[in-house]
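Participant: All chains, please: the whole structure from these sequences, using the hints.
When you read off a place in the sequence shown, starting at 1, and then add 81, the result is the number in this note's numbering.
In short, the hints are calculated from the structure, not lab data.
In this text, all values refer to a predicted model and were calculated from it rather than measured experimentally.
There's no promise every hint is true.
Claimed, not checked - Capping the alpha-carbon separation at 30 angstroms, the derived lysine-lysine pairs in BS3-like fashion look like this:
1. Lys246 / Lys169
2. Lys99 / Lys218
3. Lys169 / Lys224
4. Lys99 / Lys224
5. Lys224 / Lys93
6. Lys169 / Lys218
7. Lys224 / Lys138
8. Lys218 / Lys138
9. Lys103 / Lys218
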Amino acid sequence: MPFYTGNGDDGKTNVYCKRIEKGSALLSAIGDVDELNSAIGVAIANISNDGVEAALKGVQNVLFIIGAELAGYSGPAQRRTVGGGDVKELEGLADEYGARIGGINSFVLPGGSIGASHLQSARAVARRAERSVATLKGESQNKVIGVYLNRLSSLLFVMALYINKEEGVEEAHPSY
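Facilitator: Spelled out as structure tokens, the structure:
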């Protein structure tokens, strides 16, 4: 069985029985969520903290649910949708890791350790995915998706700071 079909060679693709333009806002949002999931996978591969890794693997599963929701999938494999409980879980994790690093009193430059740098990169992708979802307006029925992506970017930021602290890497600050 080949790993290609050629069905998208005309600039369109199938999204759950709908043929849509590859340049559409909907496909951009789905692609940004997919890229975010991949960026988190790269971060996981570069982090040696079991707690952070477990939390991020849970996030990756929710991102698959978000992708299916955005695509309009509602078949038997769609066991659940993203809800307020998912947002609360992210907020709890952000509070937990935030307490471990203490407060911050100035902006930080993205970077530090390799794992933290990948988390910062994933944070930026999460912000883009949030903006892409926001452009869908009525196309995305579940308004919690945007909230989830917003909280996820905050969690990724806090986790990056935590990983740097855990690895003894001092944060760099912009000079104005």
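Participant: Would you mind marking each hint as holding or not holding in the structure?
Facilitator: Going down the list of hints, with the structure as the test:
The straight-line distance between the Cα atoms of Lys246 and Lys169 is roughly 25 angstroms, inside the 30 angstroms bound, and the hint therefore holds. With a C-alpha separation of about 19 angstroms, the suggested pairing of Lys99 with Lys218 holds against the 30 angstroms cut-off. For a cut-off of 30 angstroms, the pair hint linking Lys169 to Lys224 stands: about 15 angstroms separates their Cα positions. A threshold of 30 angstroms between alpha carbons decides the hint, and for Lys99 with Lys224 the separation of about 22 angstroms falls inside it, so the pair holds.
With a C-alpha separation of about 26 angstroms, the suggested pair Lys224 and Lys93 falls inside the 30 angstroms cut-off, and the hint holds. Between Lys169 and Lys218 the alpha-carbon distance is near 23 angstroms, which keeps this suggested pair within the 30 angstroms criterion. Restraint check: the Cα-Cα separation between Lys224 and Lys138 comes to about 23 angstroms, which is no more than 30 angstroms; the hinted pair holds. With a C-alpha separation of about 28 angstroms, the suggested pair Lys218 and Lys138 falls inside the 30 angstroms cut-off, and the hint holds.
For a cut-off of 30 angstroms, the pair hint linking Lys103 to Lys218 stands: about 18 angstroms separates their Cα positions.
No hint from the list above goes unmet by this structure.
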